[in-house]
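Letter by letter, the chains look like this.
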Amino acid sequence: MTDPLLSRRALVRYGAYGAGAAALGGVAAGWDRLTAADIPGRDDGSLVIATLGSAHDAKAQRALREGFREVHPDIKLRINAVQAYDWSDFFSKILTQIAAGTAPDVVYVATEGVQLFAQRLGVPFDKWVKRDAAELREYFDDVHPSLVESMMYEGSLYQLPVEFNAADMYLNTRRIRDAGADFPDADWTRDEFTALLRAMKRTSGDGFTPYFWSNRLWGGVVPWLFANGTNVLAESKAPGGDWLWRTFYPEAERHGRGGGYRWTTPVADSDRVAEVYDYLASLVKDGLCTRPEGGDGRNLVGAFSSGRVGATPAGGFWAGGLHLAGMKPTDYDVQYFPRWRTRRHQFGAAGYAVLRTSKKQEEAWEFVKYAIRKDTLTKLFVANQTTPARRSMVDEARYRKTGPAHWKTFYDTLDTIASTGPIPAPPQVNEVEQLLIKHTGSALASPGAVRPALRRLQGDLEKAMEREI
Amino acid sequence: MTNTEIRPAPPAPPAAPRRPAPRTSARTRGTRLLAALFLAPTVVGIVVFTVVPILGSVVLSLFQWDVIESPRWAGADNYREILSDSTVLVSFRNTLVFMVLAVALQLLIALTLAITVNGRMPAWLRSVFRSAFFFPLVLSAASISVVMKYLFNEGFGPVNWLLGTVGIAPVAWLTSENGAMAAVILTYVWQQFGFSFLLFVGGLNNIPREVHEAASLDGATGLRKHLSITLPLLSPTLLVASVVGIINALQVFEQPYVLTAGGPGDSTRTVVMVIYETAFEQLRFGTASATGVLLFVLIMAVTTLQFRLSRRFVHYQ
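Chains A and B supply the protein sequences, listed in that same order. When we follow the numbering used here, the leftmost residue of the first sequence carries the number 1, and every step to the right adds one. When we follow the numbering used here, the leftmost residue of the second sequence carries the number 1, and every step to the right adds one.
For reference, chain A alone in the conformation it holds in the complex:
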């Protein structure tokens, strides 16, 4: 008789282990996926609002919370202020919360994420806007239709704009005076802009950067592309939205409006795009502006306010920052972006989106309506950290203390330049932005690099736009 490979006792033991493992596996397979929401106390029944942490300070958040409680004492509100460097970082963190099973009910979303959220996560506001049209009429009267249109996707409205920033040109008036130049006219051209940079460079010595720009989607290459009448993605408009325009806007303002922007076909290798990069390359070569990787908004306020930068594209959000940095209103001013083939400007806007996963969508809509009220926005936007979407809030009193003198430029960029539009932000926006930043860096890294870099940008954009999101 041969020895058994396993003793009976061992057989029984391993059998028990196997049965235990199988039972555990069965339980795990049959159990609903555990999420962070299952942690006791995590879901207290509040309506959760995710905001970009740096957008509102603690005082503003308290005001938002307390004001809402007065109007809706039955709805418990929790503000989840997500700290993030920029919108891309903010969306990444929101997506992490969604993956963890703790999705907020309402998210503050900028143009960069409007279509991504609309396509994958958002609830259209159409039914609510139609239902509450009378209540909302005053809001739409006060908000430019371009901002509203930028929050539409494939015919439906997904957000109500709360704030926006167009890329106008901030100028250091001290440096302009030192250069013996005049403050530019509203209709100034690209060549006049270049001449001004040269004049400032001549009189400002070492360590001075005439034109500082950040390599990113908002305010980087895009304002120049718009000024030259082009874009990296061909732009068109989706059909639909007629009900909205007919309900809230007069004939003159609804002309040419549609159901939201479409950015589909890459055109990064077109001649006009190359012209823009050639122009920027010439500024870099002549020492008139920073290289794309050298520009960083984090250093910019300090550099501009201390007179080391002559000009930079920025929106109303900069007035508050410069004031906090100690800059006198007389030492800087703002003008439209210089004209090239067109006067088209770019802007980015932001507002609240309601998530499809929310079980409190009606309450969330009530919050959205509360958040666009003038008294609410007045409490939030006290430090000129942005441009309010409501025209009536952009007034002399707001800018008396901080400047700039030409504060009207901020809203007039929408009111007087009809072609002004949003930065290109399709649902694939994160990859588009990443590719734009990467290849812009390559294009301006060395002489003769523009066209090869734009060809690579075109190829990569084509792949990105084909990718299903």
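Careful, some of the hints might be misleading.
To be verified - Examples of chain B residues lying across from chain A (beta carbon under 8 Å, computed):
(1) ILE68
(2) TYR150
(3) ASN153
(4) GLY155
(5) PHE156
(6) SER176
(7) ALA261
(8) GLY262
(9) PRO264
(10) GLY265
(11) GLU277
(12) PHE280
(13) GLU281
(14) LEU283
As the list claims (entries may be wrong) - Quick list of in silico lysine to aspartate or glutamate cross-link-like pairs, EDC-like style, CA-CA up to 16 Å:
(15) LYS408(A) x GLU396(A)
(16) LYS369(A) x ASP126(A)
(17) LYS463(A) x GLU81(B)
(18) LYS374(A) x ASP141(A)
(19) LYS463(A) x ASP85(B)
(20) LYS285(A) x GLU154(B)
(21) LYS401(A) x ASP333(A)
(22) LYS93(A) x ASP66(B)
(23) LYS127(A) x ASP242(A)
(24) LYS374(A) x GLU138(A)
(25) LYS401(A) x ASP331(A)
(26) LYS408(A) x ASP395(A)
(27) LYS463(A) x ASP269(A)
(28) LYS93(A) x GLU281(B)
(29) LYS369(A) x GLU138(A)
Since the hints were derived computationally from the structure, they do not count as laboratory data. Even glycine gets a Cβ: it sits at the ideal position worked out from N, Cα and C.
With chain A fixed as given, assemble chain B onto it according to the hints.
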């Protein structure tokens, strides 16, 4: 036919009777239970926070998942995709270049400073140096990188200003391919060398003084003593410092992310940056996990190679 007698093989010795396993005493069982209890928190921690995520990553690398919808089976598609993606391949090359340069510089600086600080100097000054060299390690890499970005700015950064005072033209630290990699390496090494420095100080203190004295009697001086005595006897510490240094360097993220965002072009884009961008910016968690698995394999391979080589070059006293 021969008379050769075929003798039967000697009988096999009887099988030794199986001895019953010694019974463990109650005291031994109690000791084992106590040991298991002490080990349990660490083992549970490692399983929950290391083993499960690693296995999860491997599983996820076989799916397409965008966080929002349910994962879809992809098989080896994610691996095929990243192996044909030029950005991923460039990021592996950048990471390896970074690893070689940064770890070599880090070890060289740390060893030189450790030998210097271990030399003749007042005890209080030695303490000051030790603290100063270790201090950057406790700071946040992101914060340091933000400051370094300002220091390395081509237009108004103090580094170029200082170079200018001795007649050196401004260097495009963050805006040229070589300059950007140099800035990332310098920032990383400045923060990280303190750890290797402390290891080397400890290792140097463990070298018996008599060995140095004997070498001196034999006529060995400065560099010869370091090459023939200090380095061989410090080799176990060098191994630890290089293994830790290489593993850390292969996972570099904060410095290139904040300083250069991977640019110009892809010149400073590292593997971990690609993983982050693929997962959290492009919502391709499966592809990101596949890249992470490849990085894991690379780290394992490099570390295994180091330990294999260490048998030839490391001398234990």
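Hints, one by one, checked against the model:
1. Checking ILE68(B) against chain A by beta carbon gives a least distance of about 5 Å; that is within 8 Å, so the hint holds.
2. The interface hint given for TYR150(B) holds, since its Cβ lies 5 Å from the closest Cβ of chain A, which is under the 8 Å cut-off.
3. For ASN153(B), the shortest C-beta to C-beta distance to chain A is roughly 6 Å, which falls under 8 Å, so the interface hint holds.
4. A hinted interface residue such as GLY155(B) counts as satisfied when its beta carbon comes closer than 8 Å to some beta carbon of chain A; here the least separation is about 4 Å, so the hint holds.
5. Checking PHE156(B) against chain A: minimum C-beta separation of about 5 Å stays under 8 Å; hint holds.
6. Hint status for SER176(B): holds, given a least beta-carbon distance of 7 Å to chain A, under 8 Å.
7. The interface hint given for ALA261(B) holds, since its Cβ lies 6 Å from the closest Cβ of chain A, which is under the 8 Å cut-off.
8. For the restraint placing GLY262(B) at the interface with chain A, the shortest Cβ-Cβ distance is roughly 7 Å, inside the 8 Å limit, so the hint holds.
9. Residue-level restraint check for PRO264(B) holds (minimum Cβ-Cβ distance to chain A is 4 Å; threshold 8 Å).
10. Annotation: interface hint on GLY265(B) holds; nearest CB of chain A at approximately 4 Å, less than 8 Å.
11. For GLU277(B), the shortest C-beta to C-beta distance to chain A is roughly 6 Å, which falls under 8 Å, so the interface hint holds.
12. At its closest, the beta carbon of PHE280(B) sits 4 Å from a beta carbon of chain A; the interface hint therefore holds under the 8 Å criterion.
13. This hint holds: GLU281(B) has a C-beta 4 Å from the nearest C-beta of chain A, less than the 8 Å allowed.
14. For the restraint placing LEU283(B) at the interface with chain A, the shortest Cβ-Cβ distance is roughly 7 Å, inside the 8 Å limit, so the hint holds.
15. Distance hint between LYS408(A) and GLU396(A) is fulfilled; the C-alpha atoms sit about 8 Å from each other, no more than 16 Å.
16. Taking the CA atoms of LYS369(A) and ASP126(A), the gap is near 13 Å; set against the 16 Å cutoff, the hint holds.
17. Among the hinted pairs, LYS463(A) with GLU81(B) is consistent with the structure: their alpha-carbon atoms are about 12 Å apart, no more than 16 Å.
18. For the suggested pair LYS374(A) and ASP141(A), the alpha carbons sit about 12 Å apart, so the restraint of at most 16 Å is met.
19. Restraint check for LYS463(A) and ASP85(B): the C-alpha separation of about 11 Å stays at or below 16 Å, so the hint holds.
20. Distance restraint check for LYS285(A) and GLU154(B): the Cα-Cα separation of roughly 13 Å lies within the 16 Å cut-off, and the hinted pair is therefore satisfied.
21. For the proposed pair LYS401(A) and ASP333(A), the alpha carbon gap of about 13 Å is at most 16 Å, so the pair holds.
22. Between the alpha carbons of LYS93(A) and ASP66(B) the distance comes to roughly 14 Å, so the proposed pair stays at or under 16 Å and holds.
23. About 14 Å separates the Cα atoms of LYS127(A) and ASP242(A), which keeps this hinted pair within 16 Å; it holds.
24. Taken as a hint, the LYS374(A) and GLU138(A) pair is honoured in the structure, with Cα atoms around 10 Å apart against an allowance of 16 Å.
25. For a cut-off of 16 Å, the pair hint linking LYS401(A) to ASP331(A) stands: about 13 Å separates their Cα positions.
26. With a C-alpha separation of about 8 Å, the suggested pair LYS408(A) and ASP395(A) falls inside the 16 Å cut-off, and the hint holds.
27. Taking the CA atoms of LYS463(A) and ASP269(A), the gap is about 14 Å. The hint holds against a cut of 16 Å.
28. Note on LYS93(A) and GLU281(B): the hinted pairing holds, with a Cα-Cα distance of about 10 Å set against a maximum of 16 Å.
29. Between LYS369(A) and GLU138(A) the alpha-carbon distance is near 12 Å, which keeps this suggested pair within the 16 Å criterion.
Violation of the numbered hints given earlier is absent; every hint is satisfied by the structure.
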